[in-house]
Every structure is written in structure tokens, then in C-alpha cells.
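Engineer: Produce the complete structure using the sequences and hints provided.
Chain by chain, the residues:
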Amino acid sequence: MQSAARLVLLLNATAQRDEAAFRELYDATRAKLFGVVLRILRRQDLADDVIQDVYVRIWASAAQFDPVRASPITWMATIARNRAIDVIRRRKDVELDDEAAAENIAAELVDPLAGRERREDLQRLLDCLGQLEPERRALIRAAYLDGLSREQLAARASVPVNTVKTWLRRSLLQVRECLGL
Amino acid sequence: MILNDDQIALAAEYVLGTLDLVERQEAERLIASDPDFADLVQRWTQRLGELNALVPGVEPPATTWAAIRARIAMLGADEAAKSGGQVIRLSRRLRLWQGASAALGAVAAALILVIATQALRPDLLPGALRPPAPAMPGQFVAVLQRDPAAPAFIMSVDIEKRMFAVRRVVPEPEPGKSYELWLVSDRFDRPRSLGVIGDDPYMVSERLAAFDPRIINNATYAVTIEPQGGSPTGAATGPVVYSGRLIDAQPDRTR
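Listed in order, the protein sequences are those of chains A and B. Residue numbers for the first sequence follow my numbering, so the first one is 1 and each next one is one higher. Residue numbers for the second sequence follow my numbering, so the first one is 182 and each next one is one higher.
It is worth saying that the hints were derived from the structure and are not from the lab. All C-beta atoms in this analysis are idealised placements derived from N, C-alpha and C, irrespective of residue type, glycine included. Any given hint could be a false lead.
Said to hold, decoys possible - With a cut-off of at most 25 Å between alpha-carbon atoms, the simulated SDA-like pairs for lysine to any residue come out as follows: (1) B:Lys358 <-> A:Pro67; (2) A:Lys165 <-> B:Asp186; (3) A:Lys165 <-> B:Asp381; (4) B:Lys358 <-> B:Ala333; (5) B:Lys358 <-> A:Val8; (6) B:Lys358 <-> A:Leu9; (7) B:Lys358 <-> B:Tyr383; (8) A:Lys165 <-> B:Asn185; (9) B:Lys358 <-> A:Ser61; (10) B:Lys358 <-> A:Glu24; (11) B:Lys358 <-> A:Arg57; (12) B:Lys358 <-> A:Ala157; (13) B:Lys358 <-> A:Ala5; (14) B:Lys358 <-> A:Arg6; (15) B:Lys358 <-> B:Asp339; (16) B:Lys358 <-> B:Ile396; (17) B:Lys358 <-> B:Val385; (18) A:Lys165 <-> B:Leu211; (19) B:Lys358 <-> A:Asp66; (20) A:Lys165 <-> B:Tyr383; (21) B:Lys358 <-> B:Pro394; (22) B:Lys358 <-> A:Arg17; (23) A:Lys165 <-> A:Leu181; (24) B:Lys358 <-> A:Lys165; (25) A:Lys165 <-> A:Asp127.
To be verified - Residues on chain A that point at chain B, a partial pick, calculated with CB under 7 Å: (26) Arg30; (27) Ala31; (28) Lys32; (29) Gly35; (30) Asp48; (31) Ile51; (32) Tyr55; (33) Arg57; (34) Trp59; (35) Arg69; (36) Ile85; (37) Gly147; (38) Leu181.
Structural biologist: Next up, the structure:
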């Protein structure tokens with residue numbers, strides 16, 4: 001992964017329709033974004049389509065990226081994640097039976113090249129999530145990383161949807177306080 | 182607006198992706214209408230986005246880049262067709278105008294008066310409004326604008342000498358960009374460049390020398406935003422931001 005400063009430059013050049021910069025941006029971020037998309041969609045064929053959409057969107061909206069408000073990789077990953085969730089919510093035929101794949105990601109598995117400041121921000125978030133009860137922490141991670149809906153979360157935790165709703169709300173307010181957002 | 186716990190949780194769940202459709206639309210409405218809410222959504226996006234570092238990278242198929250490249254190339258062709266088409270549509274629409282002065286707002290009309298005075302009696306104006314040397318060619322003016330009450334460029338044309346002068350009223354272009362002036366005439370299949378304008382607040386040009394006076398008189402003048410130094414291709418690549426037609430600055434004079 002390139003440094004955040006380099007990614008900002010590449011996004012700016014992409015906004016100016018610089019194809020060489022866009023290629024470099026793609027090479028620097030493709031594995032991360034494809035990982036994000038594939039984890040939510042769980043199917044290679046769906047992920048193949050979505051990742052193309054994602055980069056076309058990044059190309060088309062690069063001028064809207066604001067380095068003051070977001071880090072470049074988070075901005076791009078958010079586009080990828082939102083697109084993947086749009087697709088998964090419209091489909092009913094993607095099974096959630098491969099929980100093993102979803103569970104084998106350890107908290108320690110932090111992108112080693114992501115930069116110290118980033119690791120500190122992540123550590124702070126993980127610390128705040130760590131203050132939640134384990135099942136609620138798992139809920140937030142599954143919602144964010146696996147793109148699960150409330151109904152899917154409820155099924156996984158074997159609780160009613162309204163319980164998931166209440167847990168999410170309380171957990172998020174607690175995390176907000178912990179982060180000082 | 183001070184956000185309550187419901188809205189704070191709504192912003193967080195919007196980013197988390199767990200809202201149902203109705204709640205999602207409510208959040209989107211708030212993002213559009215409440216800057217504090219939009220700001221909170223942005224902060225949640227950044228904070229929860231840290232979790233993406235936990236997702237292992239996976240290489241996409243080798244064919245993906247070629248597919249993306251083909252799709253953005255099509256997008257580019259669409260954009261170019263749109264901006265070129267815009268100039269042509271503008272030309273058609275403006276041909277229908279009967280008497281451009283009727284369409285000018287009071288501000289623009291006052292500015293025309295200033296321009297006309299600059300051309301005829303510069304000594305009557307306060308120093309700041311007097312044209313710098315060389316004297317501005319007079320006779321015809323065009324107010325190039327998008328909003329009838331807000332002129333962006335004032336162009337004056339001396340048809341006999343085939344010279345024009347342009348005064349920039351809007352701020353200079355952003356870094357890396359230039360304003361480029363185009364002559365749009367139904368006698369030509371595409372707009373003709375009159376060069377980059379607006380780098381200086383006031384400039385005089387002879388770029389009209391190649392055109393017939395009747396074309397100069399009946400043309401529409403349009404400004405696009407181009408890469409610094411002007412369009413690299415000779416055709417307008419950016420959207421039309423301002424436009425206008427010539428009107429007689431000396432209405433008493435017989436043509």
C-alpha cells in the first residue's frame with residue numbers, strides 16, 4: 001500500500017483525468033478494495049462485477065475527494081463497501097453458511113504498511129469496541145466487515161431483530177462516547 | 182442543529198449499513214439538509230473505516246483493469262459529446278433570441294453603460310473604471326454570463342479592426358485551469374477558439390482577424406473551462422460556463 005500522501009496525489013491527478021495516475025492508484029489499492037468487496041459479497045463472480053463499478057465510480061468522483069475530511073483509502077474503501085452492500089441487499093441467493101471464512105480474521109491482522117498514525121486510530125477504535133460485551137462487539141464487526149443486515153445479525157445471534165436494533169443503538173452510542181466523536 | 186441520541190445513532194447505523202430502506206432515506210435527507218448530521222456521518226465513516234485494515238487483501242482477476250479502462254473510455258466519450266453538444270445547442274437556442282438587451286439584467290445593463298462610456302468618454306469615469314492602454318475597442322459589446330444578473334466577462338468588439346477586448350469580472354480561474362473563449366457560429370461545424378482569456382483582468386486580442394464581420398456580428402461567444410493554457414485538442418473539452426451575444430454599444434449609430 002502506498003503512503004496516504006501518495007494516494008492523495010494520485011486521486012488529485014485522477015480528478016484531472018490522468019490515466020497513468022489512475023493506473024498507479026488501481027495497482028496500489030486493488031487488493032484491499034477487492035478484499036473488502038469479496039468479503040461482503042462472498043462470491044467471486046459478483047465481486048468481479050462490483051470491483052469494476054467501484055473503480056469507475058472512483059474515476060468519476062475523484063474530484064469530490066476531500067483530504068481534510070477523509071483518508072484516501074477510507075474514502076475509496078467506503079465507495080467499495082457501499083457498492084457491495086447495495087448489491088448484496090438486493091440479492092437473496094447468497095448464502096451465509098461460510099461463517100468460518102468470516103470468523104478467521106484476527107484483530108491482530110492489521111495492514112503492516114498502513115502507517116503508524118493509522119494503526120493508532122485503529123487501535124483506539126478496537127479499544128473502544130473492546131469495552132463492549134463480546135456478543136455486541138461481534139455484532140458491530142459483522143455488520144461493518146461482512147455487510148450483514150439486522151435480520152442476518154439477528155439470525156446469527158439467535159435473537160429477535162428488535163433486540164439487535166437495541167444492541168446496535170446502545171453499542172454505537174457507547175463507542176461514540178469512548179471515541180469522543 | 183444540536184443532534185439528539187436518535188440522530189447520532191442514525192448517523193452511526195447509516196455508516197454501519199444496517200438501516201432499513203425508510204431509515205436510510207431519512208438519513209440521506211438529513212445529510213442533505215443538516216451540515217452537523219452530514220459532518221457526524223463523515224466522522225463515523227472515517228472512524229469505522231479503520232476496520233477495513235482488518236480485511237485481508239485479495240488480488241482481483243487480471244482482466245479487471247482492462248474492463249475498467251474500457252468503461253472509463255466510454256465515459257470520456259460521453260463527456261466530450263455532451264460538452265461539444267452543449268455549445269451547438271447553445272448556438273441554436275441563442276439564434277432564437279430577439280434583441281439580447283431584453284434578456285439582460287439591470288446589473289449587466291449598468292455595466293454596458295460603463296463599457297460604452299469607457300469606449301466613448303473614458304474621462305467621465307473614476308480611475309478604476311477607465312480602460313488601461315491600449316484603449317478598448319468599442320462599438321459592440323457582449324456580456325458573457327450564466328445568470329442574467331451576474332456578468333462574468335464583458336467583451337467589446339471593434340468589428341472594423343477585428344479586435345476585441347475582454348474584461349474579467351469573475352475571479353481568476355482555479356490553479357491549473359484557464360478560461361477559453363469560443364466563437365460559435367452556424368457557419369462553422371464546430372466552435373472556433375479565440376484563445377485563453379481572463380489570465381489578466383483586462384486583455385486585448387486580434388484573434389478575430391480571420392473572421393468575416395458578419396460572422397463576428399452574429400456569433401455567440403462562449404467561455405469554457407479548460408486545462409491551463411487552453412484546450413489541448415483545439416476543441417472545447419470543458420463545459421460552457423458563460424455565454425452571450427454582441428449588442429450595439431452605440432444604439433444611435435446607423436449600421
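Engineer: So, for every hint listed, does it hold in this structure?
Structural biologist: Status of the hints after comparison with the structure:
For the hint pairing B:Lys358 with A:Pro67, the CA-to-CA distance comes to about 20 Å; that is within 25 Å, so the pair holds. This hinted pair checks out: A:Lys165 and B:Asp186 have alpha carbons roughly 14 Å apart, not beyond 25 Å. For the hint pairing A:Lys165 with B:Asp381, the CA-to-CA distance comes to about 60 Å; that exceeds 25 Å, so the pair is violated. In summary, the hint linking B:Lys358 to B:Ala333 is supported, as the alpha carbons are separated by about 16 Å, within the 25 Å threshold.
Taking the CA atoms of B:Lys358 and A:Val8, the gap is about 19 Å. The hint holds against a cut of 25 Å. With a CA separation close to 17 Å, the supplied pair B:Lys358 and A:Leu9 stays within the 25 Å bound. Pair hint B:Lys358 plus B:Tyr383 holds up; C-alpha atoms about 18 Å apart against a cutoff of 25 Å. At most 25 Å may separate the alpha-carbon atoms for a hinted pair to count; A:Lys165 and B:Asn185 meet this at roughly 17 Å.
About 18 Å separates the Cα atoms of B:Lys358 and A:Ser61, which keeps this hinted pair within 25 Å; it holds. A threshold of 25 Å between alpha carbons decides the hint, and for B:Lys358 with A:Glu24 the separation of about 24 Å falls inside it, so the pair holds. Under the criterion of a C-alpha separation no larger than 25 Å, the hint pairing B:Lys358 with A:Arg57 is consistent with the structure, at around 23 Å. Between B:Lys358 and A:Ala157, the direct Cα distance comes to roughly 55 Å. Violation of the 25 Å bound is thereby established for this hinted pair.
Proposed proximity of B:Lys358 and A:Ala5 is supported: the alpha carbons are some 23 Å apart, at most 25 Å. The straight-line distance between the Cα atoms of B:Lys358 and A:Arg6 is roughly 22 Å, inside the 25 Å bound, and the hint therefore holds. Proximity of B:Lys358 to B:Asp339 is assessed by CA-CA distance (about 28 Å); at most 25 Å being required, the pair is judged violated. Pair hint B:Lys358 plus B:Ile396 does not hold up; C-alpha atoms about 28 Å apart against a cutoff of 25 Å.
Of the supplied pair hints, the one linking B:Lys358 and B:Val385 holds, its CA atoms being roughly 20 Å apart against a limit of 25 Å. A distance of roughly 20 Å separates the Cα atoms of A:Lys165 and B:Leu211; the hinted pair therefore holds under the 25 Å criterion. A distance of roughly 19 Å separates the Cα atoms of B:Lys358 and A:Asp66; the hinted pair therefore holds under the 25 Å criterion. At most 25 Å may separate the alpha-carbon atoms for a hinted pair to count; A:Lys165 and B:Tyr383 exceed this at roughly 63 Å.
For a cut-off of 25 Å, the pair hint linking B:Lys358 to B:Pro394 is broken: about 31 Å separates their Cα positions. Straight-line distance between C-alpha atoms of B:Lys358 and A:Arg17 comes to about 13 Å, which keeps the hinted pair within the 25 Å bound. Simply put, A:Lys165 and A:Leu181 have alpha-carbon atoms about 21 Å apart, close enough for the 25 Å limit, and the pair holds. For the suggested pair B:Lys358 and A:Lys165, the alpha carbons sit about 50 Å apart, so the restraint of at most 25 Å is broken.
Simply put, A:Lys165 and A:Asp127 have alpha-carbon atoms about 23 Å apart, close enough for the 25 Å limit, and the pair holds. Because the smallest distance between the Cβ of A:Arg30 and any Cβ of chain B comes to about 5 Å, under 7 Å, the interface hint for this residue holds. The criterion of a C-beta within 7 Å of any C-beta in chain B is met by A:Ala31, whose closest approach is roughly 3 Å, and the hint holds. The closest approach between the C-beta of A:Lys32 and any C-beta of chain B is roughly 5 Å, which is under the 7 Å cut-off, so the hint is satisfied.
Hint on A:Gly35 holds. Least Cβ distance to chain B is approximately 4 Å, under the 7 Å limit. With a least beta-carbon distance of about 6 Å to chain B, the hint placing A:Asp48 at the interface is held under the 7 Å criterion. Because the smallest distance between the Cβ of A:Ile51 and any Cβ of chain B comes to about 5 Å, under 7 Å, the interface hint for this residue holds. The beta carbon of A:Tyr55 comes within 5 Å of a beta carbon in chain B, closer than 7 Å, and the hint placing it at the interface holds.
Hint on A:Arg57 is violated. Least Cβ distance to chain B is approximately 10 Å, over the 7 Å limit. With a cut of 7 Å, the hint placing A:Trp59 at the interface with chain B holds, because the nearest CB-to-CB distance is about 5 Å. Contact between A:Arg69 and chain B, as hinted, is supported at the beta carbon level, the nearest pair being about 5 Å apart and thus within 7 Å. Restraint check, A:Ile85 versus chain B: the minimum CB separation of about 5 Å is within 7 Å; hint holds.
For A:Gly147, the shortest C-beta to C-beta distance to chain B is roughly 6 Å, which falls under 7 Å, so the interface hint holds. At its closest, the beta carbon of A:Leu181 sits 5 Å from a beta carbon of chain B; the interface hint therefore holds under the 7 Å criterion.
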